[in-house]
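Just need the whole structure built from these sequences, with the hints factored in.
Residue numbers (this note's numbering), protein chains in the order written: chain A, 1 to 706; chain B, 707 to 908.
Since the hints were derived computationally from the structure, they do not count as laboratory data. Owing to the predicted nature of the structure, the values given are computational and were not obtained by experimental measurement.
If we take Cβ atoms under 8 Å as the criterion, some of the chain A residues that face chain B in the derived model are:
(1) L106
(2) L142
(3) C148
(4) P150
(5) P248
Once the Cα atoms are required to be at most 27 Å apart in a straight line, the calculated BS3-like pairs of lysine-lysine come out as:
(6) K702(A) to K634(A)
(7) K233(A) to K99(A)
(8) K138(A) to K866(B)
(9) K138(A) to K57(A)
(10) K145(A) to K599(A)
(11) K892(B) to K250(A)
(12) K254(A) to K233(A)
(13) K679(A) to K59(A)
(14) K626(A) to K599(A)
(15) K679(A) to K700(A)
(16) K866(B) to K99(A)
(17) K813(B) to K787(B)
(18) K99(A) to K599(A)
(19) K679(A) to K233(A)
(20) K145(A) to K813(B)
(21) K892(B) to K758(B)
(22) K626(A) to K700(A)
(23) K138(A) to K875(B)
(24) K866(B) to K145(A)
(25) K250(A) to K854(B)
(26) K758(B) to K854(B)
(27) K702(A) to K679(A)
(28) K250(A) to K866(B)
(29) K866(B) to K57(A)
(30) K254(A) to K866(B)
(31) K787(B) to K892(B)
(32) K892(B) to K866(B)
(33) K758(B) to K822(B)
(34) K162(A) to K57(A)
(35) K599(A) to K59(A)
Simulated restraints on C-beta separations:
(36) T802(B) to E63(A): 16 to 24 Å
(37) A812(B) to S605(A): 36 to 44 Å
(38) A186(A) to V743(B): 56 to 64 Å
(39) P871(B) to K254(A): 31 to 39 Å
Glycine residues also receive a C-beta, built at the ideal position from the N, C-alpha and C atoms.
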Amino acid sequence: MRTLLTVLFALLTLLPGQTAWAQSLPRFGAPERHVDAELLAATDAIVPGQPLTVGLKLKHQSEWHTYWQVPGDSGLPTRIDWRLPAGFTAGPIEWPHPKRLPTGPLVNFGYDGEILLLTTIQVPADVPVGSRVTLAGKAEWLECKDVCIPGESDIALTLPVKAAAGPSAHVALFEATRVLIPQPLANATGQGTIDGSRIRLSLALPAGKTASRLEFFPQHEGRIEPAAPQVLKREGDAVELYLTAAQPVKADAKTLQGVLVANGGPAAGGWIGSIDLPLVAGTVAPVSAVPSTNPAAAMSLVAALGAALLGGLLLNLMPCVFPVLSLKLIGLAQHRTHSGSLAAHGIAFAAGVVLSFVLLAGLLIALQQAGSALGWGFQLQTPWVVASLTVLFFLIGLNLLGVYEFTLGSGIGNAKAAESLTRTRDWRGSFATGVLAVIVASPCTAPFMGAALGYAITQPATVALSVFAALGVGMAAPYLLLTLFPALLHKLPRPGRWMELFKQFMAFPMFATCVWLLWVLAQQVDAGGVGLALAVVVAVGFAAWALGLSQRGAYPFRWVALAGALVAALAFAPLATSDPAAVAKAASSDDWVAYSPEKLAQLTSEGTPVFIDFTAAWCVTCQVNKRVALTSDKVISGFAAAGVVRMRADWTTRDERITQALAQFGRNGVPLYVLYDTKGQPTVLPEILTEATVLAALDKIKLAAR
Amino acid sequence: MKVTALLIAAVAAVATASSPVLATPVPGQPAPAFRGVDVNGKPVSLADFRGKTVVLEWNNPNCPFVQKHYTSGNMQSLQQKNTAAGVVWLAINSTTESHSDYMAPAKLAAWFGEQKSAPTAIVMDARGEIGRAYAAKVTPHMYVIDAKGTLVYAGAIDDKRSANPADIKTSTNHVAVALGEVAAGKPVTTSTTTAYGCTIKY
Numbered sequence: 001m002r003t004l005l006t007v008l009f010a011l012l013t014l015l016p017g018q019t020a021w022a023q024s025l026p027r028f029g030a031p032e033r034h035v036d037a038e039l040l041a042a043t044d045a046i047v048p049g050q051p052l053t054v055g056l057k058l059k060h061q062s063e064w065h066t067y068w069q070v071p072g073d074s075g076l077p078t079r080i081d082w083r084l085p086a087g088f089t090a091g092p093i094e095w096p097h098p099k100r101l102p103t104g105p106l107v108n109f110g111y112d113g114e115i116l117l118l119t120t121i122q123v124p125a126d127v128p129v130g131s132r133v134t135l136a137g138k139a140e141w142l143e144c145k146d147v148c149i150p151g152e153s154d155i156a157l158t159l160p161v162k163a164a165a166g167p168s169a170h171v172a173l174f175e176a177t178r179v180l181i182p183q184p185l186a187n188a189t190g191q192g193t194i195d196g197s198r199i200r201l202s203l204a205l206p207a208g209k210t211a212s213r214l215e216f217f218p219q220h221e222g223r224i225e226p227a228a229p230q231v232l233k234r235e236g237d238a239v240e241l242y243l244t245a246a247q248p249v250k251a252d253a254k255t256l257q258g259v260l261v262a263n264g265g266p267a268a269g270g271w272i273g274s275i276d277l278p279l280v281a282g283t284v285a286p287v288s289a290v291p292s293t294n295p296a297a298a299m300s301l302v303a304a305l306g307a308a309l310l311g312g313l314l315l316n317l318m319p320c321v322f323p324v325l326s327l328k329l330i331g332l333a334q335h336r337t338h339s340g341s342l343a344a345h346g347i348a349f350a351a352g353v354v355l356s357f358v359l360l361a362g363l364l365i366a367l368q369q370a371g372s373a374l375g376w377g378f379q380l381q382t383p384w385v386v387a388s389l390t391v392l393f394f395l396i397g398l399n400l401l402g403v404y405e406f407t408l409g410s411g412i413g414n415a416k417a418a419e420s421l422t423r424t425r426d427w428r429g430s431f432a433t434g435v436l437a438v439i440v441a442s443p444c445t446a447p448f449m450g451a452a453l454g455y456a457i458t459q460p461a462t463v464a465l466s467v468f469a470a471l472g473v474g475m476a477a478p479y480l481l482l483t484l485f486p487a488l489l490h491k492l493p494r495p496g497r498w499m500e501l502f503k504q505f506m507a508f509p510m511f512a513t514c515v516w517l518l519w520v521l522a523q524q525v526d527a528g529g530v531g532l533a534l535a536v537v538v539a540v541g542f543a544a545w546a547l548g549l550s551q552r553g554a555y556p557f558r559w560v561a562l563a564g565a566l567v568a569a570l571a572f573a574p575l576a577t578s579d580p581a582a583v584a585k586a587a588s589s590d591d592w593v594a595y596s597p598e599k600l601a602q603l604t605s606e607g608t609p610v611f612i613d614f615t616a617a618w619c620v621t622c623q624v625n626k627r628v629a630l631t632s633d634k635v636i637s638g639f640a641a642a643g644v645v646r647m648r649a650d651w652t653t654r655d656e657r658i659t660q661a662l663a664q665f666g667r668n669g670v671p672l673y674v675l676y677d678t679k680g681q682p683t684v685l686p687e688i689l690t691e692a693t694v695l696a697a698l699d700k701i702k703l704a705a706r
Numbered sequence: 707m708k709v710t711a712l713l714i715a716a717v718a719a720v721a722t723a724s725s726p727v728l729a730t731p732v733p734g735q736p737a738p739a740f741r742g743v744d745v746n747g748k749p750v751s752l753a754d755f756r757g758k759t760v761v762l763e764w765n766n767p768n769c770p771f772v773q774k775h776y777t778s779g780n781m782q783s784l785q786q787k788n789t790a791a792g793v794v795w796l797a798i799n800s801t802t803e804s805h806s807d808y809m810a811p812a813k814l815a816a817w818f819g820e821q822k823s824a825p826t827a828i829v830m831d832a833r834g835e836i837g838r839a840y841a842a843k844v845t846p847h848m849y850v851i852d853a854k855g856t857l858v859y860a861g862a863i864d865d866k867r868s869a870n871p872a873d874i875k876t877s878t879n880h881v882a883v884a885l886g887e888v889a890a891g892k893p894v895t896t897s898t899t900t901a902y903g904c905t906i907k908y
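Below, the structure written as structure tokens:
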């Protein structure tokens, strides 16, 4: 039984963990300088009347950076104050394309490693051949890591004046730099459309140019929000890049000027170009924050609906759903003769399932549009919902054991209920079973569902809602088919005494689910909170027992039941107000690193491969994968051999940064497994992991690193 | 029906538990309310200063751009001149405790003392809540709020983007101009500029 396995796994993870991961940055006494500056020339001599190209070479220490002409959220562009002989004039800096440098919630535009900032010097025609000329100046920059220090250096270069010049020793560096300097993008037509804070950059790419990743660096400050995700949509040669306008929008913002960097720029096999497009007011539909680096393959609507249908079908087999539905089916088997009203029950059940899915999805979409970073499973990120579900599962268990009678769900083993099942009036019970099935199924993101949900959430609301509806149809399909074609019911086993025993046995998966839910709760609240939830469970159990007695004729127990329920309600109140954020997340129980986008950016920029486990305590698939594929000795040593840093993104409670990271991969729920190679390229692994899958992925990394 | 009621309750709980992301405050709109604690442990609430002009100055003593305006005495004289005229000046430090730039309240208060700087209050915002509410990006990021609680200026302290104190005398101080216009009952001409400085260490 998978539920039992899950609980076992869950209990295993409760074992005392090792030290929590903690890393502090190495502190060293601030060295004088973290950036070396040097002035170089492309040629070995100055030629009278001919422009001379010089370059300021900046060599950054690891982790340090300097800024582009527009520095982004903070910083200063590098500048050069020239002291040139009479007649010589210096042009502006010709900037290579920058890259995005995230720091916390902010993003800067700049450079790390080694760069050359080119300047063209106009040489007068009357400078005498045979003389020597010194070009001097002062370079000023801001060098930053997590702290910033203004840097400056006197630079100078002395060259002979000759009638003709040859290449200097640095010519290769100049050549390599020239391809990084953006030129106007030829034959590209397009425009920018602005609608409040939304900007859409529409561009028809010149023939032969493609963009699977596209970044825009604005030439003007205060026009584009530097840290906002840039979302790429493309269709053939036409690309649309969705940007966020800085607020307030300036009245004179009539153009969109800047640099486009496609597929990582020339150094990574991509291309660059500068654009200057008109910016006009218009309508821009909101897009979800799936950045243009999104490797998730676009999915067609038909495929998404199909996947959702299949995912819904599989949900029936999930450990938390199976008992409820199997009992409902057995209930049907008892009434195989009343075909007419059976169809009504089937339709009511299906309606309950589909409507609940659509309602939950609608709520999710509405909240997302209101700006909340939520994802599927968000219901279970609130402690008191988890506690409520625990109580609900406990009550179902007690009902299955026969402690009290309640027609909901099973409707068997009770003559009165069985009779009422055939009464059309009771279709409401079937509808409620449908709703219940969705509530208990929501945490079990079945295979196929993840991708379908991720797709749905990036689409317009109508498409998203139809995907969720398809999910519901898939889930309701088996039951619906049986009720519409009662002949199929004859294939089910004949009713008898075994059914009563089966019903009682099914109480235990329910109780096991309670244990699992309490374990989830323990990740969200402190021990006091869990104790409180257990106290509620006891009071509810007492009330159910008293209710059962009164149902059997001992009527005074009705008041006792009421009292028990009241106690439960009172004990529940403090739980409802508990704040999940106030409780620190459970420390990782092994040498996994806690996820943070900064840490990830730092590791990938250093060329360290990274594996990220996007998980949550309430995600069954995640827990199974963890036990099956992620914690075996073989896999652990495989990670170590490939030099992979293992990161865990724990989404048990709401975490906006993790929601955003999931969105980058077109996902909206866990599990998600991503492996970054030494070049920082991500690969998404399947949602059902095996040792072999992980090891094969690690082999690829090792090969790529060679 | 019990189950339907539970679903509705769950939905309501999720709806109330989630808070929308705060948008960038824009001059002309009400300034986001906040409560904080100053270096002496005294609570500070923006609402207490309704009726007065309030300046918010994002501060981090380790930032060269902040040092530019303090070693030159520029920030102190602006503070003095305006607090004397009844303006409330709140210096806010949003550096997170785990960052090497973080200064404990007493140490931060001592630094302001050494600088002979006397803002109305020095607010500790190590959790970055006030900073995020104002979308403050850099130190020094400056905000001016008028007596009605409307944000009237957001951006840089002046128009010379540098860490060099020598640039101060040739620059236009946007905050001084905005405060002058507010005092004269005039609308603020330049209400938004791009702030410059060090990234706030959230």
